[in-house]
Each structure stands twice: as structure tokens, then as C-alpha cells.
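Novice: Could you put together the complete structure from these sequences and hints?
Residue numbers (the working numbering), protein chains in the order written: chain B, 2 to 123; chain C, 11 to 121.
Where hints are given, some of them may not hold.
Each computed SDA-like pair below joins lysine to any residue, with the alpha-carbon atoms no more than 25 Å apart [said to hold, decoys possible]: (1) C/K65 / B/S57; (2) B/K13 / C/E54; (3) C/K65 / B/K13; (4) C/K65 / C/T35; (5) C/K78 / B/S57; (6) C/K65 / B/Y32; (7) B/K75 / B/I92; (8) B/K44 / C/D72; (9) B/K44 / C/G25; (10) C/K78 / C/G53; (11) B/K14 / B/Y32; (12) B/K44 / C/S68; (13) B/K13 / C/K78.
Keep in mind the hints are simulated off the structure, nothing from the lab.
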Amino acid sequence: EVQLVQSGAELKKPGESLKISCKGSGYTFIYYWIGWVRQMPGKGLEWMGIIYPGDSDTRYSPSFEGQVTMSVDKSISTAYLEWSRLQASDIATYYCARLIMARGGVMRIEFWGQGTQVTVSS
Amino acid sequence: QSALTQPPSASGSRGQSVTISCTGTSSDVGGYNYVSWYQQHPGEAPRLMIYEVNKRPSGVPDRFSGSKSGNTASLTVSGLQADDEADYYCLSYAGTNRLGVFGGGTKLTVL
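Specialist: Here you go:
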């Protein structure tokens with residue numbers, strides 16, 4: 002059974018750093034792109050970017066370029082999303098997802114992690 | 011790339027059918043047969059319901075169906091049940107090396 006298990010909810014202060022994780026199991030982790038999707042409270046789904054665990058090829062949505070860093074550790078089948086300085090505007094639930102691609106573009110999202118809720122408050 | 015256009019809300023009575031639209035352009039919805047639909051209950055992660063316009067993953071009831079005409083894709087839910095009440099999002103392939111485009115989401119209410 003394919004599973005993406007994300008790290009737990011976080012409560013951080015403005016300016017703090019944060020790294021959340023997404024561990025894949027039930028499939029060969031390096032063969033599938035992983036995407037990160039933001040959902041702000043009461044809002045829709047937004048692409049943050051995608052990463053290929055096989056070679057760490059990474060593509061960011063223009064809105065998130067320079068704001069976050071995606072990475073992977075193939076040895077433990079885990080993808081990460083990292084902030085160096087959180088802001089109140091980063092309050093959201095963040096989902097990782099396993100993607101199906103065609104010619105380098107995202108066709109669909111096959112499986113989703115359960116989400117990680119990030120709260121930023123002083 | 012602009013988000014795909016979905017109606018903010020839709021509703022139907024139990025047992026009836028409802029159709030949710032997802033309108034894009036010839037660069038996304040109209041250009042490819044790679045539209046997918048996701049159901050999201052409050053507090054839960056989204057779930058894939060339809061892919062490649064009209065295909066259902068294993069485990070998705072056949073009450074859910076998809077179609078496309080021109081730049082508009084549609085999700086139809088037949089025989090509405092209480093558990094169908096959720097937010098629904100469409101996603102379209104948008105070409106080589108593109109992330110794809112989400113719709114803004116539609117809140118489905120079962121009366």
C-alpha cells in the first residue's frame with residue numbers, strides 16, 4: 002500500500018526556521034516525483050513545487066521560488082520542505098503528494114500525505 | 011498561469027445528480043485529456059476521484075464520472091449521498107515542464 006506520512010503539526014514564532022517531512026512507503030521512492038501543495042485556511046490548493054527523488058531535480062512555482070527549499074533523503078525515502086524565516090503569511094496546511102508526470106509536466110496527483118499544519122504566532 | 015474556473019458552490023438533493031464545471035483554456039483543459047478531480051472533506055487530505063478526464067481509480071464509486079468539451083471539463087456526481095458533501099478541485103495538465111493548473115474549488119452541499 003502506497004503511503005505518504007508527513008510530520009506533525011508545528012507551532013513556530015515569526016522569524017524561526019522550519020523543516021517538515023514526508024516519508025514514502027509501499028513503492029520505489031526514487032521513481033516518482035513528489036509535489037508540495039499549500040492550502041491556506043479556508044482557501045484552495047496551490048502548487049509550491051516538485052522534486053524528483055532520483056536526482057533531486059527541483060522546480061518551484063514562481064510564487065514560492067526563494068521562499069522555501071525542497072530536498073530529499075533517498076536513503077530514508079523522505080522528502081522535506083524547509084523555511085529559513087517563517088512569516089505569519091506561511092500559516093497553512095502543507096501537503097506532499099506523489100505525482101504522475103508526462104513530458105516533465107504534472108498529469109495528476111495519485112496519492113496525498115495527510116498534511117502538516119503550520120501555525121506561526123508570536 | 012491563471013487558475014481554472016470553478017463555481018464556488020453547487021448543491022443537490024440526496025439521490026439527485028449534480029455537475030461541477032472546470033473551465034480553462036486551450037493551453038490546459040482544452041489542449042490535453044489530462045484533467046483530474048479531487049474530493050476533500052473538511053480536515054482531510056484531498057483524494058483522487060477522476061483522472062484523464064473520465065477514468066476512475068480503484069475504489070471510487072461509479073456514481074462519479076467526468077467529461078470534457080472544449081476548454082471545459084465537468085464532474086458529475088449521480089445518486090447524491092450525504093458523504094459526497096465536500097470540496098471538489100480540478101487539476102489540468104498544462105504542458106511540458108509545467109506544474110499544472112488547479113481550479114479554485116467547488117463546495118458541494120447535499121440537501
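Novice: Next, verify each hint and record whether it holds.
Specialist: Against the structure, the hints:
Distance check on the hinted pair: C/K65 and B/S57 sit about 31 Å apart at the alpha-carbon level, beyond 25 Å; violated. Restraint check: the Cα-Cα separation between B/K13 and C/E54 comes to about 22 Å, which is no more than 25 Å; the hinted pair holds. Pair hint C/K65 plus B/K13 does not hold up; C-alpha atoms about 41 Å apart against a cutoff of 25 Å. The hinted pair formed by C/K65 and C/T35 meets the criterion: a straight-line CA distance of about 21 Å does not exceed 25 Å.
Of the supplied pair hints, the one linking C/K78 and B/S57 is violated, its CA atoms being roughly 35 Å apart against a limit of 25 Å. Proximity of C/K65 to B/Y32 is assessed by CA-CA distance (about 23 Å); at most 25 Å being required, the pair is judged to hold. Of the supplied pair hints, the one linking B/K75 and B/I92 is violated, its CA atoms being roughly 28 Å apart against a limit of 25 Å. Our distance criterion of 25 Å between C-alpha atoms is broken by B/K44 and C/D72, whose separation comes to about 28 Å.
Under the criterion of a C-alpha separation no larger than 25 Å, the hint pairing B/K44 with C/G25 is inconsistent with the structure, at around 29 Å. Under the criterion of a C-alpha separation no larger than 25 Å, the hint pairing C/K78 with C/G53 is inconsistent with the structure, at around 30 Å. Pair hint B/K14 plus B/Y32 does not hold up; C-alpha atoms about 36 Å apart against a cutoff of 25 Å. Proposed proximity of B/K44 and C/S68 is contradicted: the alpha carbons are some 28 Å apart, above 25 Å.
The suggested pairing of B/K13 with C/K78 is violated, with an alpha-carbon distance near 44 Å, which exceeds 25 Å.
Checked against the numbered hints given earlier, this structure breaks hints 1, 3, 5, 7, 8, 9, 10, 11, 12, 13; the rest are met.
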